[in-house]
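Colleague: Chain by chain, the residues run as shown.
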Amino acid sequence: MKRRIFLRTAGVAGILAAGRAPAFAQGTRLNILRWVDFIPACDVELKRQAPEASKALGAEVVFEFINANDLQPRITAAIQSRSGPDIIHMLHNWPHLYENGLVEVNDLAEWQAKDQGGFYAQSEAYVRVGGRFMALPHSIVPGLIAYRKSWLTEVGATTFPKTYGQTLGHTFGDAPAWAYPLLWNFGGMETDKNGKTALDGKGALEAVKFMTAFWKDACDEGGLAWDDTNNNRAFLGGEISATLNGASIYIAAKRGQDKIKDEKGEPMVRDIQHARLPAGPAGSWSYHTAFSHGVMKYGKNPKLAKDFLKWFHGKEQFSRWFEVAEGFSVGATKQWERHPLWTTIDEPMKGFRTAPDNSRVIGYAGPPSAKATEVYSKYVIVDMFAKGAQGTKAEDAVKWAAGELYKIYG
Amino acid sequence: MKKTIAGGAGSAAGFEVALPHPRTSQPAPALTRFLENEGLLAAVLLAPTVLLLSLFIAYPFVMGVWLSLSSTSVGNPGEFVGLRNFVKAWNDSIFRTAFGNTFFYTFWATVFKLVLGMWLALLLNRHFRGKRLVRASMLLPFIVPTVLSTFAWRWMFDPTFSVLNWLLYQGGLITTKLPFLSDGTYGLWCAIVVNTWRGMPFFAITLLAGLQTISPDLHEAASLDGANGWHRFWHVTWPLLKPVTLVVVVFSVIQTFSDFQLIYVLTGGGPANATHLLATYAYQIGVATGLLGEGAAISLFMLPVLFVVVWVQLRYLRRLEGA
Amino acid sequence: MVIEKRWKTWVFFYIPLAVFVVGTLFPFYWMLITAIRPDAELYRSWRAATNTPFWTLQPTLEHFRDLMAKTTFPRWLWNTFFIAVASTLISLFCGLLAGYALARLRFPMAGTLGTSIFVTYLVPPTLLFIPLADIIRNFQLGNTPWALILTYPTFLIPFCTWLLMGYFKTIPKELEECARIDGATRFGAMTRIIFPIAVPGILSAGIFAFTLSWNEFIYALVFLSSPERKTVPVGVVSELIRGDIYFWGQLMAGALLGSIPVALVYSFFVEYYVTGLTGSVKG
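As you go down the protein sequences, you meet chains A, B and C in turn. According to the working numbering, the first sequence is numbered sequentially starting from 817. According to the working numbering, the second sequence is numbered sequentially starting from 1028. According to the working numbering, the third sequence is numbered sequentially starting from 287.
Looking at chain A on its own, in the form it has when it is part of the complex (with noise of 0.2 Å):
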């Protein structure tokens, strides 16, 4: 309790400045589970923060990663238990599905906001919920198409190649990362503004009609069982030409240019492009993957919970972590697209600089409410399109998946 008191009345700028750690009660400890990110060294740099935390917070803080598909069992015990890790990592719209077991942050939100040039729409939505913010973003993972430029320089550039390759199988990030943007760009939409399902429509049947069409022409038929990993190898084994990827592929590329080699015995990461994905007639729209941190409400220290979140967000710590993300992660604010790395950076890393600015969230044109996340993990828009390409008719998957809706939305 001393701790606290302290902290209230000389703060965190305070003990930075002094340039001291102060003593820290016995047993003061701050547990935060993250992902265990795309990006290894992003790790490695939180765990090199750790003991900077510790001192600066005055409590002990830890680091836990564990594999993201793992997060959601975690979560759901620790509040249904009302025990274990003080702050969680959150996912997507995650802050909307465990409202009840999170600390409202608005104070935090806000500050982050004005401190770093406003968030993007899609971080702001997902942790906002009914006006009140129930987790702080943290950053943004970008989806973008990446592709090797030789193979679409052979076929023209106008086309896709014939060999793209397309996970549609159930995962958490490149599945619904292809198939939301694909229904928004034709002008589909799982609920109109108020919530009610309005799947029913045109768009989503010239939609499913463009992709089976595509699977058949051009894709790996692997794709429908695919999850996240496998698009990867498949680009970096050269198997396909192109793929919706966040940008680990060129990362991973980057990093083992010794080992990674085209088909002339060249670095790989060489030929390797990014590109949005292909406009529809409802414009461009992208999905990516945004990520927040949730104060946990039986969290027995909140407000240090809050004070290490500020740390953590804070310009000089994220730019850190930022830097070492090499792109792969963007900030949740639009500060970060002027951030110096970009001048630097890989010419084709430079298409993740603005990304998320076109982007939406799962359930739109309504809230991305609990029940979006119980369409998006009964994977009932992926289904839909994978429906399509196994064969099923346009109007038949689109009718399938509209009585999904209708049944979780009304």
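Don't read these hints as lab results, they were simulated from the structure. For every residue, glycine included, the Cβ atom is placed at its ideal position computed from N, Cα and C. Mixed in with the good hints there might be a few duds.
[What the hints assert, rightly or not] Here chain B is said to cover these stretches of chain C; the calculated rule only asks that three of the stretch's residues, wherever they fall, bring their Cβ under 8 Å from a Cβ of chain B:
(1) 348–360
(2) 377–391
(3) 430–439
(4) 458–469
(5) 512–525
(6) 534–540
[Claimed, not checked] Non-contacting residues of chain A with respect to chain C, defined by C-beta distances greater than 12 Å in every case (computed):
(7) E868
(8) Q932
(9) G934
(10) W1216
[Unchecked claim] Cross-link-like lysine to aspartate or glutamate pairs, in silico, EDC-like; alpha carbons within 20 Å at most:
(11) A:K1116 / C:D420
(12) A:K1131 / A:D886
(13) A:K1075 / C:E348
(14) A:K1070 / C:D325
Take the given structure of chain A and dock chains B and C to it, following the hints.
Modeller: Leaving out everything else, chains B and C in the frame of chain A:
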């Protein structure tokens, strides 16, 4: 059921202290006389089991049933909704697929495990060179953590890099890749293969242990009577193995019916929700969607079904023993 | 022994056995090849002329080294081992006593109790972990090995009990009765006559229990949080699967290293069945 457990624990709690010693030290006469009473001895022997199970299962189980009857979602206590969750699940097309898949998967995986496991046990029961090594290596699939071995399998079934496809292709058996995990039917069969691969060694080794208890004299007598291999198996071995076999089958059915890890890692229920089992679908609804009530209802669908299956098997087992 | 013709031995014995061996071990060979394959080959196109899926010309131990150096793998191995052994011993102890009582003793409601123990095994574990997390917190066991050592028996005991019951039932009652006539107490007859005969059953139940604990994933994932306290399956999955890039070499190295020590222990037990048995069954 609950009452029994509570009663058992209560009446036995006092005697627990006597348990660690009796093997080594000579029991005092009073204690000896006490343990001569069948009912009391039974209470003592059952106490640790009943205590542990009622501590760690009773509450979660009651809680699970309550969840299934409520509209609970993560962080929301919810309220009593009767059987609504069950009705919703039953009207859900994905649930029905998962329900059917679960039966299909359990049936075939169990049949394969039993037949192949029995066969392997009979083979391993003979004397041959390298027996020791072979017996030990047969257990390997059973030992590697399922999650990890399933990753290895997933890679062998990889849509782009499948070594099995490569093998079949080089062998001239196929001209296009087989869609191992990218087609629902193939995917389910792949899961059955992996489950069989993993579970068969245990069948084999347990049945082998059973075979070892059968005196070789019986076989010699039978073969002197002119019985051939099949007859010896059917008339001598099988009747003696039946009790052990049934127990192994019962447990395997339960395990397979509620299998989770394997599908979770191999296909995640995809493509297009075609390979979900009840357990994976319950998990998807309960954990990924946060609808704990509905998830609990889906997983409780397993209970009555399992109960019936097991009851039939146990009835059979009892009749067997009675005969 | 029964003498068979040579071709019959081949058709009915060696060939099927060989098929079993190859089928069972191929995935392991595959793991091994992956674990010693250099990264450059792992990322090479499979259409490349130099592709050799079944062997590698430049085997490397780099994945094993990385696994040891960059993760706390040995620690996970030890944790898993400790937890599995402890929960197996607890379960065997409970199962042995309970199994004997249910198989041999007559007491009121024996059937009901037997069924109840069995029914606990039917409770689907997928969602059990959520309410169970509550209990773990109440007992303050979170993030300790005891969280697992005490919860694993919930699915191990029913199996041990029932398997051992089966074994006890196959042992002739006369054996015990003889001992009793010779003046042994009920308890003495149980521990000195029946238990030794049931050794194969006990081993078999033990192997099963041990493997289930060794394998368990969801409880270990939810109840443990410190990296140095994790078990092999959870540790390998959470540290070696980085979102969309698997560290295949290390993953497979982890799978192999995680199973070989157990395999060695088992190979000893498997033989113990064979040698230790013949004598005890004769009576």
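Colleague: Each of the hints needs a verdict: does it hold here or not?
Modeller: Hints, one by one, checked against the model:
no.	hint	in the structure
1	348–360	violated (count 0)
2	377–391	holds (count 9)
3	430–439	holds (count 3)
4	458–469	violated (count 0)
5	512–525	holds (count 4)
6	534–540	holds (count 4)
7	E868	holds (19 Å)
8	Q932	holds (25 Å)
9	G934	holds (28 Å)
10	W1216	holds (26 Å)
11	A:K1116 / C:D420	holds (17 Å)
12	A:K1131 / A:D886	violated (29 Å)
13	A:K1075 / C:E348	holds (14 Å)
14	A:K1070 / C:D325	holds (14 Å)
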